[in-house]
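Same order as they appear, the protein sequences are chains A and B.
Each residue of the first sequence is one higher than the one before, starting from 1 at the first, in my numbering.
Each residue of the second sequence is one higher than the one before, starting from 1001 at the first, in my numbering.
I should point out that these hints are in silico values taken from the structure, not numbers from a laboratory.
Among these hints, one or two may not hold up.
Some, not all, of what chain B presents toward chain A, calculated at C-beta under 7 Å [what the hints assert, rightly or not]: (1) F1075; (2) S1076; (3) N1348; (4) L1350.
DSS-like cross-link-like pairs, simulated, lysine-lysine; straight-line CA separation at most 30 Å [as the list claims (entries may be wrong)]: (5) A:K63 - B:K1057; (6) B:K1442 - A:K156; (7) A:K264 - B:K1460; (8) A:K124 - B:K1460; (9) A:K293 - B:K1386; (10) B:K1460 - A:K263; (11) A:K99 - A:K55; (12) A:K264 - B:K1153; (13) A:K218 - B:K1056; (14) A:K263 - B:K1284; (15) A:K306 - B:K1303.
Even for Gly, the Cβ is constructed at its ideal location relative to N, Cα and C.
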Amino acid sequence: MVRFTDKGIYCIPGDFYIDPWRRVDKAVITHAHSDHARSGHSQYITVKESIPIMKFRLGSFIKVCGYSYGESFTIRGVKVSFHPAGHIIGSAQVRLEYKGEIWVVSGDYKLENDGISEPFEPVKCHTFITESTFGLPIFRWQPQQNVISDINQWWKSNAENGIVSVIAAYSLGKAQRLLYNLDLSIGQIYTHAAIENIHNILRLQGYKLVEGHISENKLKTQNFTGSLVLAPPAAIGSAWTEKFGIFEEATVSGWMAVKSIRKKRNATRGFVLSDHADWEGLNSAIQFTGADKIYVTHGYSEIYAKFLREERYDADVVKTEFSGDDESGLISERMDE
Amino acid sequence: MKTFSEMIRLLEGTSDSIQKINLISGYLTSEKNDKDRVWAIGLLLGIRPTGIIPVKKMRQWCIGHVGIPIWLYDFSHQITGDHAETIGLMVASEVQNNNLYLHNWIEKIQQVQKAQDDQIRELVMHAWSSLENDSVYIFNKLITGQFRIKISKNIIVEAVCKTTGQDINAVSYHLMKDWHPDQIYWQQLFNFENSESRISNPYPFSKIYAIHSEEVETITPEQWVALWLWDGIRCQLIVRKGEIHIRTMGEELITNKLPEFGFLQGGYGDFVIEGVMVSWIGDKPIDSEKLLARMSRKYITKKVFQSIPAVFIAEDLLEEEMADIRFESYEERRSRLKNLMARINNPNVLLSPLIEFNDRFALAYHRNKARETGAIGLILKKKTAKQRADIVPEEIWEWKNEPYTIDAVLIYAHRSLIRGNHFFSDFTFALWDGDNLIPVAKAFSGLGDDEIIEISAWIKSHKIESFGPCGECPSGLSIRTFI
Ligand SMILES: [Zn+2]
Ligand SMILES: [Zn+2]
């Protein structure tokens, strides 16, 4: 039913692709991160909640068709539906059913309910295509509340010492998760324009995200002491952050679990929080699906597939552009997205 | 432990001196336990406990513990480049059910220094299943003797000055002296002029290591004495300038919980005695839990006083008339202690009696009889032993009673949270009461990996019913449990 091609995951009877990376006619998209939703396809099919951000990132002119979670529709005889992946707002797993055979393409996912993304729902299937960004047993996350309380504590002690706290966070995903969960009684949270743009769109969709835009004017005059600033990783260390006076920066990412990666990224203060499933998350997600056949992509694919085979699954690697980048065993600098 | 591991995590992530000074000083301010602060400075200066287990073995245990293939461990290790860290990340528990201090863990490591593999393994498993990952990392570094962090002495000196407000020359002079964290207290190290605190300062407690059976053969009545090993609160009675203070091994001051000993404040001179606080009724001590419960109360009624009287069993005299006598032999200290006890002559303070023995067979006989005396085993002390906490564990041993055993029926087995779903590691046991099985105990430790694998396989092939993470077993397996 599905073939892995040089354009991406291809559904043969439905004649469409899932998260393709080359231009195709019909693209079913799991979520709006740039490594999944690329520009140039003739037609996009995705979850309704994801459309405004996709239009913002890919252009308002794109031809896009949206469905609700759980709603099924048919493409050339293939029954298709979206199911929450818990990764970011509007992220989905794609379920395909054709002549009694069921496949699920996970996209990116995490099992823990982060309080803002539609929480992950396991979907039974025969074949499961899973990501494996953190598919090693050294990646095991603490519950979100523990990490959030660590971040609150850090922010609070900085505030007491008259230091501005700056957090590097991806504009789609981590930024909302932090803004939603951090303790706003500690101080003000400001956001970089790249994040604020996303928040403007999400606010129209009904998400209650506190406004915290820093205008050029504000940047010159405002005293930021005691507050927390959310900025995309690229903005940190630039002239932009110099304006805050004395500040301490922290990186929030699953990669912060590893000392050598913290060092490499120059992150003294690293909080381990990810929008991807950890080792146990991947294993239990696979167990939940009840699938016998597992394809692994997007991360430590070779290694994780080998592990699954030893666990008596019929597991293989999806030969795509994404897989392979970690097979040398080198630490990937891949974004958390 | 967590405060220390967090500091190290941050220190390892920065190369900025000012930040390092701030981090160390921040730690010294927020950590309230003096023993930990002294050890932390010692460790930063490069004083560390001797490694007692090779990293390779830890890797082996980790693989068994986590239940992953070796190639997956090795691949993960390539990512981190550090075994202690790899293991920390793989095994750390989510629930931090442990509030032992850094110095407690170091003590535990020193205690198993000469023990057999399985004893070391038990300690390692205990640490792995009760600490969060940064602390497991530190523990792994300490037990393998690999704890190394490059911090210059100047930075440490500056951090101490920043914390204590003392003169830089004085601090650096004191830090450069020959000292060991086991033998010195924070006040001795840094409160140079302050003699106020000295009045209630205990000495480092004697370290008592478990003896192995081969070593028992070396115990002769000519060179050794035997005492009962009492189950109670090890503490020091400190009387200086006619004022009494009672300190536990954890350096907790418990004087006001034990008004029975106020009488020592007049007429007996100054002294420091180490011994064990128990509750004694008739001719033997009662369950030590009762005394602990009494001490945790805010108010103590007369009735409680009478039903749980506190009695101090004196073992060793460490200071007399303000003179440190720890470097005299135990024999000499013992005779001074005997004289002092004769003068005190009070039923609340007893002298721990010497046990007569002719050879090691007599010793074994007494050990078996320890329960009748209300003791939990024997203490064996060399007559020439000095009271030194840092080294020579060969001079003082404990030889504990054999545990009791019971044959019980395994009724439930729970899937392991740590080792993964394929293994069963928590068990519920029951005893027959006529035709009924009455659950009596839960057990979740003490089995090795091989045993877990064997038992898990047996359970999988014999279980009658599973619900959630549990498997119900037929009443076919009975397991011998130690209590
Ligand atoms: Zn992705
Ligand atoms: Zn993503």
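Practice task
Determine which of the earlier numbered hints do not hold for this structure and return their numbers in increasing order.
Solution key: 3, 4, 5, 6, 7, 9, 10, 11, 13, 14 and 15
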